[in-house]
Amino acid sequence: MENQNGNKATSVIEEDVEIKIDEGDFRKFTSKQNECTDEGEGGEVEIDYTNVLHGMGIEVQVRKNIDMKEKEDNIDVKIVDNSMHDSRKLSLNGAVQSLRYVKEMLLNMGIFEKIDDIAEKIRCTVKSRMKNKIYYLMHETFGWTSVGGKEAFKLFDIQEKRSVTKSEYVAKPKVEIEKLGSLDSYIEGIKRLIIGKPKREICFTLGVYGILLQALKLNDANIIINFYGKVSENDSGSTSGLGKTTCTKAALIGYGNAHKLIKTYKNTKNKIDIDLLSYQIIPLVLDDVLQMFRNLKARQLAGAIINLIFDLFSGEVKGRIGEYADISNLKYHSPILLSTEQSIVDIIKCNKDSMGQYSRFIEVPTSKGELTDSLQHSKELDKFYKNVGGYGAEAFVQFLLDNEMHGEALRKKYDEWYNKLIDGELGETTIGNRQASKVALILLSGELLNQCFKINLNLEKIEVTLKESIAEMIEKTKFSNDGYEKFCTYVKGNPEKFAPSVDRCYEEMHIGHYKPCNTMDSGHEVWILSSGLELIYKEEMIKGQGFSILKMLKIWKEQGKLISGSCDGRMTSKVNFYTIANKKEQKNVYIIKVKNFETK
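Heads up: the sequence shown begins at 1 in this note's numbering, then just goes up one per residue.
If you are wondering where the hints come from, they were derived from the structure by calculation, not from laboratory data. Incorrect hints may have been included.
No farther apart than 27 angstroms at their CA atoms in a straight line, the calculated lysine-lysine pairs in the DSSO-like style are these [to be verified]:
#1 LYS476 <-> LYS486
#2 LYS574 <-> LYS515
#3 LYS476 <-> LYS461
Given the sequences, and given the hints that come with them, work out the whole structure.
This is the structure in structure tokens:
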């Protein structure tokens with residue numbers, strides 16, 4: 001597997017040594033410490049006793065946290081007793097100059113022998129390393145940074161072009177990133193278990209979405225994507241589901257054990273905020289998100305989901321996060337993958353504030369066989385996630401750095417995808433700017449993954465799947481609103497079809513009854529037979545294209561426009577209709593609120 005410059009994407013130069021950072025002095029030692037110097041070429045030389053201390057089982061680390069902005073806060077000293085597996089940290093407040101302070105720390109660690117000698121050598125070693133700016137590096141965030149004016153990336157270590165510098169990940173709380181298996185087993189597993197189904201490939205491609213989003217510094221491109229669907233009644237006896245949870249985990253495999261990295265909504269929204277601040281560029285996979293709101297009624301649920309989408313899309317944490325408030329200034333770029341049985345669009349479209357949310361997320365319908373091929377395939381994926389992970393993201397970032405695919409070069413590639421979508425060059429259906437930015441970034445992610453790993457993600461099918469999913473979202477709301485307007489227009493334009501009273505409502509002459517309401521703000525009512533609705537929407541029913549009277553009525557029910565029926569799921573009410581012979585018959589009718597207008 002070679003990159004565009006002929007270099008293997010897996011090749012990195014690992015330096016298992018501490019490095020020298022050419023920055024300003026962090027601390028000046030003022031007391032006389034002549035015993036820590038020796039004569040050398042050009043004058044006195046600071047003595048570093050690192051090797052001598054190692055021989056005693058003592059490790060001294062002068063540690064620099066590259067994520068801390070304040071110089072006085074980003075340096076400390078860690079003393080490790082390798083023979084006892086114990087360690088202590090010393091703050092650099094000047095006390096490390098004191099032999100008494102160092103000796104107290106050694107005594108607390110259980111070191112008693114040769115304590116004066118060890119304390120002196122530790123003090124001298126710290127002074128030498130501080131003067132020469134030789135630090136053990138640490139980081140507590142993931143993502144893009146700059147080292148010596150050059151692009152770098154923090155994940156397991158600090159990656160630069162053609163090199164990797166050791167750095168310890170020290171965040172609190174820590175994300176459970178880890179390396180399992182090998183890069184070769186990762187690539188082989190992706191080819192064998194992921195490639196072949198576009199919706200499965202979308203889940204995997206989202207694994208690097210946050211890496212590119214942060215690099216591009218795009219506004220309004222944070223992505224929330226929901227995979228929804230449930231097993232049909234015909235398959236209700238099956239031992240396997242649709243595979244939504246299993247496949248969304250594919251986004252996590254580049255960072256470690258996907259089973260450990262997935263999240264649920266068993267905790268509060270504040271806990272999810274903390275996870276987002278910790279993950280930063282790593283995908284946040286939330287399983288069965290609707291369980292968080294399981295006790296809410298329909299309209300309350302719609303409002304809660306709308307607020308959730310708005311908050312998650314912002315890329316900023318606005319809630320209270322308690323002891324982690326010190327990291328609240330960070331933005332997150334994590335793609336957010338949800339899985340639900342019910343369509344989120346179906347839930348929120350009854351809310352008058354829902355329209356602005358449809359551009360903030362993408363919803364992908366799923367059915368059996370679109371995500372996992374079989375129960376056996378699902379088990380193989382789970383085994384794959386458990387035994388392989390952590391190599392993909394690192395190799396992908398190294399590929400970007402080695403090929404200088406960041407800055408203007410990356411922006412140019414993104415703009416090409418985005419402009420094709422906006423101009424309609426990728427098909428007849430065009431999509432809005434906000435959705436286009438998300439789709440473009442998914443397609444760019446897929447293109448670069450293909451170049452890095454040679455895995456043949458089908459970008460054409462991914463693009464079609466995403467655009468069809470977005471079109472279905474729009475259609476769900478559009479046909480409901482258009483259908484209601486047509487209904488009101490028909491009632492107003494065909495008053496002879498609607499009886500003025502129930503006892504004069506003849507089935508041979510009327511398709512329903514028009515009932516004016518006394519109050520102007522409550523709207524009027526139309527009682528209509530199912531045959532009457534079929535007459536009104538005859539043209540739409542002939543065209544097909546996913547139109548369903550029943551689906552439309554369900555939306556109206558959620559919106560409060562359909563007021564017949566009961567809490568048991570029925571949408572009709574029984575009323576008396578009459579024949580010309582004045583014979584009374586009970587009929588099921590839909591009772592629909594209409595706009596205020598008068599019929600003749």
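Hints and how they fare:
For a cut-off of 27 angstroms, the pair hint linking LYS476 to LYS486 stands: about 16 angstroms separates their Cα positions. Simply put, LYS574 and LYS515 have alpha-carbon atoms about 16 angstroms apart, close enough for the 27 angstroms limit, and the pair holds. Note on LYS476 and LYS461: the hinted pairing holds, with a Cα-Cα distance of about 22 angstroms set against a maximum of 27 angstroms.
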